[in-house]
Each structure stands twice: as C-alpha cells, then as structure tokens.
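Participant: Below are the chains, spelled out letter by letter.
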Amino acid sequence: MPHHASGGRHPDLRSERGIALVVAIVALVVIGAIVAGTFFLSTVEQRTAQNTVEAAQAFQAAEAGLQVAISSWDPADNALPTDASRRVARDSVAPGVYYDVTISRLNDNLFDVRSVGTRRRATQTLAETLRLMRASPVVEAALTTPGPVSAAANAAIAGVNTAPAGWSDCPPSADKAGARSGSTVSESGGATIQGVPASMQHDGSASAARVQAAFDQLRPLATLELPGGLYGAAAPRLGGPPSTCDRADPRNWGEPLREPMAGALAPCAAYAPVVLIDGSAAIESGRGQGVLLVTGDLDLGANVDYVGLIVVRGRVTLHGSGSHVTGGILAGGGPSGDAASLTGPVTLSYSRCALDYVLRQGAVARPVVGRAWAQVF
Amino acid sequence: MRSRRGFSLVELLVVMLLLVVVSGTALHLLVGTQRISRAQADRTDLQATLRSGMLVVPAELRMIGYDSVIRPTVQGGVTYPAGAVIPDILGMGPDSIVIRAVRAVGIVCDVGTDRVVVDTTRYYSAYRVPTAGRDSLLLYFDIDPSTAQDDAWFSRPITSVLSGACSPAYGSRAGLTLGTAELGHTGVNPPDSLVAGAPFRTFEVVSYKLTESGGRHWLSAKSVSGHEAGYQPMLGPLTAGGFRLDYFDSTGSGVATAPRDVRIVQVTLIGESDRAVTGTGYGSQTQVVDSVVTRVALRNALR
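Keeping their order, the protein sequence lines are chains A and B.
The opening position of the first sequence corresponds to residue 1 in the numbering used here, with each subsequent residue numbered one higher.
The opening position of the second sequence corresponds to residue 1 in the numbering used here, with each subsequent residue numbered one higher.
Where hints are given, some of them may not hold.
What the simulated footprint calls covered on chain B by chain A, stretch by stretch (three residues with Cβ under 8 angstroms from a Cβ of chain A suffice, anywhere in the stretch; the number is not a length) [claimed, not checked]:
no.	segment
1	35-49
2	63-69
3	124-134
4	138-145
5	198-205
6	254-265
Source of the hints: derived by calculation from the structure; they are not laboratory data.
In this text, a Cβ means the ideal position worked out from N, Cα and C, and glycines have one as well.
Build out the structure end to end from the sequences listed, making use of the hints.
Facilitator: Next comes the structure, spelled out in structure tokens:
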C-alpha cells in the first residue's frame, strides 16, 4: 500500500482532492493581500491626517506664543542690546501643546519675536517684528498749562531738577521753570515757586496744543484703563509667584520708593504703568509711579506720592497735607477758573530723571505697520 | 481491493459545473474586493490632494500685507497719492488671485546706496534663494525714528544676488548682498531711513487660477514676475468650479473688487477622484467628490 501512494501507474486520488484546497488558499492569499493593502493605505492616511491635525495645533500654539510675548512685554527688555536674544516664555496651551518664545533686538526701535509651537513631532515657527513705541512729550517745567495757575498756603512748585526721594542713579540735568502758563501765575499765603525762571506767564509755548500732543502721544501706550471716580489708596502690591509685582491689580501703580527706604517693595520699582483714567478722578491717598493720563479733571487729595508725568486734559488740583508729585504736570485747563491750583503743604518738583525713567518703562512693543507677521518656511 | 473504475460523464459534468460556480464566486469576490481597494486608494489620493491644497494655499495667502505710500509715487505705471496703500493682492476673482507671494523672510544687516546685505544666518527663512529679475525686495523704512506714524514698506527690484557679510554690529555673519535700484529714492523717502536691523521680505508675483486641461480641472500657478508663459498645474484633479475664493472685509461682508478692504479669504477646494470608482465594489462607478473649506485671516492686512 505505501508504495502506491507515491505515484506509479495508479491515479493519485489524494492529490486530486487537494485542488480545491490550493485554489482556496490562493484565493485567500490574494484577498488577504488586497485587504492588507487597503488597511495599510488607511493607516498611512490616518497618520497623515493625524500629522495635519498636529501641525495645525502647533501653529495655533505658536500664534498664542506671539500674543503672549506682546501682551506681557517686560519693559526690562527695552534695554536689550542689539542682536542679543532672550527667551521670554515657554508654556503649554493644552496638554502636550507648547509654545517657546524668544525675542531678539534688531536695532534701536525693532524687535524680532520667534514663537515655536510644538505638538508631538509637529513644529511650526512664526515670527513677528515689533516696534518699540516710545513717547517723548515736551515737558519744560514742573507745571505747564495754557490756563491760570494759583499756588496758595505753603504750596511749593520747583523747576529745579530734583531726583525723586531715594533714587540714587539720577544723572544731573538742566533746571527748568517752575510754572509755565499761557495765562497768569499767582502766589499767596507763603507759597513758593522756584526754577529757571521761577515762572513764565503768558507763555505762548504753554499751549493747549502742547498738552493735547503729549496726551495723544501717550494715549496709545496706556496699559491700564480705568473709569473716572474716587480712588482710595493706590499702592504697589505683590502677587502671583513670591516677590513678583502684581501687575494685574488696577490699583497697583508701581513703587516710587527705592531700597533701602522703609516700606519699599523692590519688585514693583521696575513697574511704571501708563494709566488712563477716562473721566474726572479724585485720588485721596497712596503712591505710584509712571504716567497718569486723565481725560477730565484731576484732584489729588490728602497724601499722595507720585513720581512721573501727569497729563490732565482738564483742571488739576493739589490740596491737603504732604502730597508730592516729582516729575511734571501738564494740564489743559477748563473753560473758566484756574487750570492748576495748589493749596496747602503740597510739593510739585520737576525731575528729568523721573520723566526719562517712566517714559522708558512705559514704552511698549507693538507689531510694525504692514508686514509684521511671518510664517517661517 | 478498491475498484479502479473511472468517472462517469455525469460526474465530470457535475464537478465542472461545481468548479465553474466556485471559481466564478471566487472571481466575483476578488474583483469586488479589488474595486473597493482601488476606490479606497483613490479616496485617499483625493483627500491627500485636498489636504496639501489646504496647506499650500493658505500659507501663501496668510502673509499678504501692503505697502504704504508716504509721498506720491509711481509704481507699475500707476500714480499713488500720499496716504494710499498698495496691497499685495494685485488681482482678485472668484477662481483666481494674483498676489505678491513671500519667498524669503529676514533682516537687513547692512545697507549701501544700491544694495542691502541680508543676514542668512539668523532671523532668515527662505522658500528658495532670491533670484535677480524674478524676485523683488520689500523693505521696512523707519523714516522718522521718533515716531511709528510714518513707518512704511516699499518694494524694490532685486538686480543682483551675491554672497556678502553683515556689519560688525550683526557679528559680521554670512549673508547675501542683494543689489537693488532706487534705494535712495529721495522723492519717496530720505536715504537714511533704511537702517540695519530692518525686516525685509522677498516676493514674486504669482497668479493662481483654476485651469482646464484634457477635460480635467486643476489649480494652477504661474510666476508673473518670472515671466512664465503658461500655468503649471499644481493640485488636482478638481471639479469644474473646484477652486473658489470668497473675500471678506473686517465686518464680514463680501468684498468684490477692492483688495485693500480684504481681511479674510475663504478658500474652497472641491476635488474629484482620478478614476470613476464604486462604493460597494459592485454596481455603477462614479467619480468620488470631496471638498474642504478654510478661512484665512490675513495677519498683515490694513488695520
């Protein structure tokens, strides 16, 4: 029997039975190959789709990075040397989606921001060119106004260049007039006005246009916009991570005091916001530094210590006891009455150093006109 | 002992009939599977086409900006008064657009009277190397450094491309010297208003259009500034009307003819499969059609 199985003259019935099996196997292999091919195609397709989604996520993250760089611009970067770079932000916008932002100084006015968005292996790089927006308002006196000025009851206006209390690194600078008025300047009740000259009356350059020009220059730089009304104690505050200045607090207007003065909050010394008050405001007490823009009238009460520039489109009044403004005031005045009135033991001093500092700190970086945004190839 | 008789005719007929039925079924199954597979491959291709279209077209459009005209100027035979803008969209239609397409991005790191050196080491990113004649420069002029009000972009032709080096303030890094005419165009800008560190772009004028060839439709491109004779298909096949552009202004209203008002471009791509395919593997075969719509916000549009 076994010798019959391996051929011979007799037909091999087993091999005939096997045809169906072979056909079935071949068919299965072919169908399997086609199905596997389709599977492979769809897997590749699914992967490319996934890549597209990830690239889009990375792109959005990079966009977010650009916005963060602009909105949280650190004035300390205004001093970055040309061609130097600093990584300013790295954070995630969603789990696994990151941005990484570096700024570079291009020249005196321009910065380059690079934001790299990452999602798994997908990265997208965006660039934006920013221009430092600086204001350089003309401040040639402690007090400049087209309207009448009155100083009474021991008020002191000094055009002599004065460093703010505790500021040690102020270079010398020329003294200016105490008060420049397009109208009249009056002193009474022991008030003193000093400067070079002490006061200038009917001064054509102390015009409403000069006040308006300063306001218009500074208006776009405002980082804090507040309504008119009564303001209690403005004061520097710390918040967030330990020892950082809480810039989110609308009543934190920076720290005019410098170490080692008692109570000086060092982290807020670099914070000098440009505050815009829309309407008329009365500030009762507190301290701050920067630029204060008021669209209406401003009334500085009992005990206010402010370092920087105050531009008021209406009238300005300083009264009470012991208020100090170091820097300069520009006041547009009202339709009648005094444009600026100082009553009581209040001090207004001209300070080039304070003005320069707050204008430098108040500069903000904004996208250049026309073609700021670029997608890096 | 087995009997050794052969098969009867009836047996053979039955076997053959069975074989025909079995192999027919197998073939039918095979063809169906193969058709489904082919349909799948064609759909994949179609989707890939649309996807790459959605990468390429918006990337070209996103950087669209504009030149500012500070003082009256003549460009391309057109006189622009002060205060006018020259948008990067040079022509717009429902199935075509002509734009200045950005080809390189970076900063100028040295300035001469008839040339600029661009830094190719840092801040630089290019789609391709700048080409004299075909590409032009867009340069940022800071006319009065104390104010941003008069800052402007101007375009200048590139007349030569040579290797060069940056000024020492930019580390004397390797760069490209791009020769250009009319740099000190004093009628338009003071000669010292272009300073090192200023951003630049290079661009070529490209026309995108839906074209027909061999009965099929394609999204095609032509470099106008490169004096190309005809449109080159770059994406497809699309359906008739498979490339549509809708333009919107800042309020979301449609814009028909004024490029300076355009803030958003909506791109619609409708693709069709290369071959007629079937969904189930059997039955009638038709062209598969798929579409994708995307809205591109022009980041550098007039604000």
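Participant: Evaluate each hint against the coordinates.
Facilitator: Verification of the supplied hints:
1. Figure legend: the segment 35-49 of chain B, annotated as covered by chain A; annotation consistent (7 residues with Cβ-Cβ distances under 8 angstroms, at least 3 required).
2. For the segment 63-69 of chain B, the stated coverage by chain A is satisfied: 5 residues place a CB nearer than 8 angstroms to a CB of that chain, which reaches the threshold of 3.
3. Restraint check on the segment 124-134 of chain B versus chain A: 3 residues with Cβ-Cβ distances below 8 angstroms, three needed, restraint holds.
4. Proximity of the segment 138-145 of chain B to chain A, defined as three or more residues with a beta carbon under 8 angstroms from a beta carbon of that chain, is established by the 4 residues found.
5. Check on the segment 198-205 of chain B: 3 of its residues sit with their Cβ under 8 angstroms from a Cβ of chain A, so the three-residue criterion for coverage holds.
6. For a cut-off of 8 angstroms, the count of residues in the segment 254-265 of chain B with a CB near a CB of chain A stands at 0, and the three-residue condition is violated.
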